[in-house]
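Engineer: Protein chains in written order, with this note's numbering: chain A, 489 to 885; chain B, 1340 to 1480; chain C, 108 to 334.
No lab work stands behind these hints, which were simulated from the structure alone.
Since the structure is predicted, the reported quantities are computational estimates derived from the model, not experimental observations.
Some hints here could point you the wrong way.
Simulated pairs of lysine-lysine, DSBU-like, Cα-Cα distance not exceeding 30 Å [stated by the list, open to error]:
id	chain 1	residue 1	chain 2	residue 2
1	B	K1342	A	K497
2	B	K1382	A	K830
3	A	K497	B	K1410
4	A	K873	C	K169
5	A	K783	C	K237
6	B	K1408	A	K497
7	B	K1382	A	K662
8	C	K122	A	K783
9	A	K711	A	K555
10	C	K169	A	K783
11	B	K1382	A	K653
12	A	K873	A	K497
13	C	K243	A	K783
14	A	K662	A	K689
15	A	K577	A	K713
16	C	K122	A	K873
17	C	K243	B	K1408
18	B	K1342	C	K243
19	A	K783	B	K1342
20	C	K284	A	K783
21	C	K237	A	K497
22	C	K243	B	K1410
23	A	K497	C	K243
Facing chain B, from chain A, some residues (calculated, C-beta under 7 Å) [unchecked claim]:
id	residue
24	Y642
25	L827
26	K830
Derived list of chain C stretches under chain A, where covered just means 3 residues or more per stretch with a C-beta under 8 Å from a C-beta of chain A [to be verified]:
id	segment
27	151 to 164
28	178 to 192
All C-beta atoms in this analysis are idealised placements derived from N, C-alpha and C, irrespective of residue type, glycine included.
Residues per chain, in single letters:
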Amino acid sequence: MSAFQLALKNISGNAFRNGVVSLCALLLSAFALFTTLVIRGAESSLRLTIDRLGADIVVVPEGSEAKIESALLMGIPARFWMPADHVNKIAAIPGVGVVSPQLYLATLTGADCCSVSDMFMIAYDPASDFTIQPWLEEELGNGLRVGEVVGGSYISATEGEQNIKLYGYLVTLKENLEPTGTGLDQTMFLTFDTAYDIASKSEFQAESPLIIPPDSISAALIKVKPGSDPQDVALQIIQNVPGVTPIESSDLFQSYRKQMTGLLKSILVILSVTWGLSVVLIGLVFSMAANERRKELGVLRALGATRRFVFQSLLAEASLLAFFGGITGLAVASMAIFLFRKLIMVSLEIPFLLPSPVSLLIQIGAGLLLALFSVNLAALFPAFKISRQDPAVAMRE
Amino acid sequence: MNKTMGILMIVLALVIAIVPIFTDCLANGRSLTTADGRSVPMKCHWTAIAEIGLAVPLLFVGVFNLTSKRKETFRALNLIGLALGALVILFPTVLIGVCANAAMPCNMIEKPALILSGILVMGASLVTLAGSRSFIEPVAA
Amino acid sequence: MITLDQVTKTYPLGKGSSVTAVGGVSLEINQGEFVLIVGRSGSGKTTLLNLAAGLTQPTSGKVLIDGTNLWDLTDQQQSFLRSQRIGFVFQFPSLLPTLTVLENVILPTVFGSKQETVQVHERATELLQKVGLMDKLAAYPRQLSAGQQQRVVIARALMNQPLMLLADEPTSNLDEKTELEIMGLFHDLHTSMGITIVMVTHMRQLVSYGTRAVEMANGQIANGHAN
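Kindly produce the complete structure, drawing on both the sequences and the hints.
Structural biologist: Right, here's the structure in full:
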């Protein structure tokens, strides 16, 4: 029998005490994993969304910054308008490479004519678009025809195998985008032509018509020319185009970023307090355990165990408890985050994307190390103290 | 170990019985309107009802895990627990299902809660089954 | 074998006061002896045994085992010496509750010199047969009576083929019938294996089992005589 096997057998004694230590390790590692996954998931989701937009600058009507952020991040439909003529004014600014207008629309809420409700719809101009169109050409070989839509990862056909009814109009869902963990996952993308077709027919087919103000757009996405500074271009837009706000992609979602920083700080405080309390509790439990087992440990010394063996054996027991508790906590936390990801997004009002398997394994490894470190730290002093004790004193009544 | 798993199963049985009833679409004010104008619950509600039917025997499995003393009893109980856990997962996913829309409360809370609970029930049953292999019969007084 | 040379053991009580459990005792235990150390409770007999075994360091004096001063050795050397030379039988139930009977008996081999697993299991089984517990190999201590547990402890004490057995009140928690059985076992081990035994007891009637009796009182040897 090896020292490790002895430690393994010893942890089966006193289920309550060992259960408390394992439970502390379980909660600590689960909480640590949960918080790192949520924060990192929100960060990577934001990054992916900005990449997906592909724009260096997004121009919206003044005062609509918060609405566009909510729309893109949380899928809350946004409706705002500015003159379509702004596209020409923006295109004339030196440094602007491509300008692509978009229309922001919404499906009806709870209407009989429609099979989905409260969905955000983005209509794009295929001639100038540089985000959806290139991807479509790659995936489908061509762009969307009139009556066809592309959906975020949560959009699914509700009329037959491929169709969705919007404003009494049947559209065909051609493809779904990869998940972003943001509101883009429950957004539908369609061409300007399809949007106008739905609008014109909705007067007869829908409970309420889809109204697109004439000569209006909601936003303009801009790609600057190589070598140009987006900040300079943005300044020129402010000077030359009245009533608009240009948002650089690096500034996009600022309010959410601030929210997340605040959330991160709070979480770190809670995690630190939890960690401290766990270490203290585990230390107390170990002290109690070591005191209760002092006769047993004295016997081991009498049988020939060195002080070092006793010390290592106690830390081996601590490590085993930390490992079993930690692995269980990490497994449960991973499953919970995967299963409840939508609820996390909605209740915390943050975007969220699951990590890649490799990234998840690394974070699980870090969580396990935290559990092992914490439990061993807590057990260090009691284990050292009891291993130095005179065997005869240890075995005394 | 058996007692711990038994308590866990009792808690999970209560979760499985109670959580779906409060997190299905009917509890959140959403139902289907039929052609003749009647309001009927959607399938997530029937999943919730069916889960109660699984939670009750699971509660007994948990209680007997606390009180039993024989190795064979533990084996039988936890094989039943394993089957019940599998059904808890299968009802909202394959056998009955919940609403298709990802934003509905049944999809956000009811279904993941049931899947997680089912996995934990199966895990607890497996742990008890593995532990019962080295179970020691108590010595007669 | 064991030489105690003017050993003293004092325990501090705090506030400058102390208690002397053993005061300036000299004792020699030779190979092949069965020495019984008798005395009332608090006479220092257990402390004397602990000093002889190296389980507690003397405040002054020397403890020699085969001429080597025990307290000149490192902890590792002392522990090794204990595991190879000395077997212990304690008064309290000293089996590890999470190990089976067989695992408890082979426990000393974890600390001793490396032995083949097969040899270890064979020896443990042989010893359990000797103490009459062959049918309890897979049992846990809580499934055994106090007398049976003590037999297992004796088997464990013999596992590394020690040169001596040190027993501290091994029968004080047992009923009379079991006590006689255990003492009979010690006597058999002494006569058949020639093993040196030092036993501490407060029961004078057991003195007849040994080759020599040493009486302790107030931390001193009051009277030592051969049987």
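Engineer: With reference to the structure, classify each hint as holding or not holding.
Structural biologist: Structure-based check of each hint:
Taken as a hint, the K1342/B and K497/A pair is honoured in the structure, with Cα atoms around 19 Å apart against an allowance of 30 Å. Our distance criterion of 30 Å between C-alpha atoms is met by K1382/B and K830/A, whose separation comes to about 20 Å. Annotation: proposed proximity of K497/A to K1410/B holds, straight-line Cα distance about 20 Å (limit 30 Å). For a cut-off of 30 Å, the pair hint linking K873/A to K169/C stands: about 26 Å separates their Cα positions.
Our distance criterion of 30 Å between C-alpha atoms is met by K783/A and K237/C, whose separation comes to about 27 Å. The straight-line distance between the Cα atoms of K1408/B and K497/A is roughly 21 Å, inside the 30 Å bound, and the hint therefore holds. Only pairs whose Cα atoms come within 30 Å are accepted, and K1382/B paired with K662/A is accepted, the gap being roughly 28 Å. In summary, the hint linking K122/C to K783/A is supported, as the alpha carbons are separated by about 27 Å, within the 30 Å threshold.
Note on K711/A and K555/A: the hinted pairing holds, with a Cα-Cα distance of about 22 Å set against a maximum of 30 Å. A C-alpha spacing of about 26 Å is found between K169/C and K783/A, which places the hinted pair at or below 30 Å, so the restraint holds. Restraint check for K1382/B and K653/A: the C-alpha separation of about 22 Å stays at or below 30 Å, so the hint holds. For the suggested pair K873/A and K497/A, the alpha carbons sit about 22 Å apart, so the restraint of at most 30 Å is met.
A distance of roughly 24 Å separates the Cα atoms of K243/C and K783/A; the hinted pair therefore holds under the 30 Å criterion. Under the criterion of a C-alpha separation no larger than 30 Å, the hint pairing K662/A with K689/A is consistent with the structure, at around 21 Å. Simply put, K577/A and K713/A have alpha-carbon atoms about 16 Å apart, close enough for the 30 Å limit, and the pair holds. Pair hint K122/C plus K873/A holds up; C-alpha atoms about 23 Å apart against a cutoff of 30 Å.
Of the pairs offered as hints, the one joining K243/C and K1408/B holds, with about 21 Å between alpha carbons and a cut-off of 30 Å not exceeded. Taking the CA atoms of K1342/B and K243/C, the gap is near 27 Å; set against the 30 Å cutoff, the hint holds. With a CA separation close to 28 Å, the supplied pair K783/A and K1342/B stays within the 30 Å bound. Restraint check for K284/C and K783/A: the C-alpha separation of about 27 Å stays at or below 30 Å, so the hint holds.
Taking the CA atoms of K237/C and K497/A, the gap is about 27 Å. The hint holds against a cut of 30 Å. About 20 Å separates the Cα atoms of K243/C and K1410/B, which keeps this hinted pair within 30 Å; it holds. A hinted pair counts as satisfied when its Cα atoms are at most 30 Å apart, and K497/A with K243/C qualifies at roughly 19 Å. Because the smallest distance between the Cβ of Y642/A and any Cβ of chain B comes to about 4 Å, under 7 Å, the interface hint for this residue holds.
Proximity of L827/A to chain B holds as hinted, the smallest CB-CB distance being about 3 Å (cut-off 7 Å). A cut of 7 Å between beta carbons decides the hint on K830/A: the least distance to chain B is about 5 Å, and the hint holds. Counting residues of the segment 151 to 164 of chain C whose C-beta sits closer than 8 Å to any C-beta of chain A gives 6, which meets the bar of three, so the coverage hint holds. Note: the segment 178 to 192 of chain C has 7 residues with beta-carbon separation from chain A under 8 Å; the three-residue rule is met and the coverage holds.
When each numbered hint is compared with the structure, no violation occurs for any of them.
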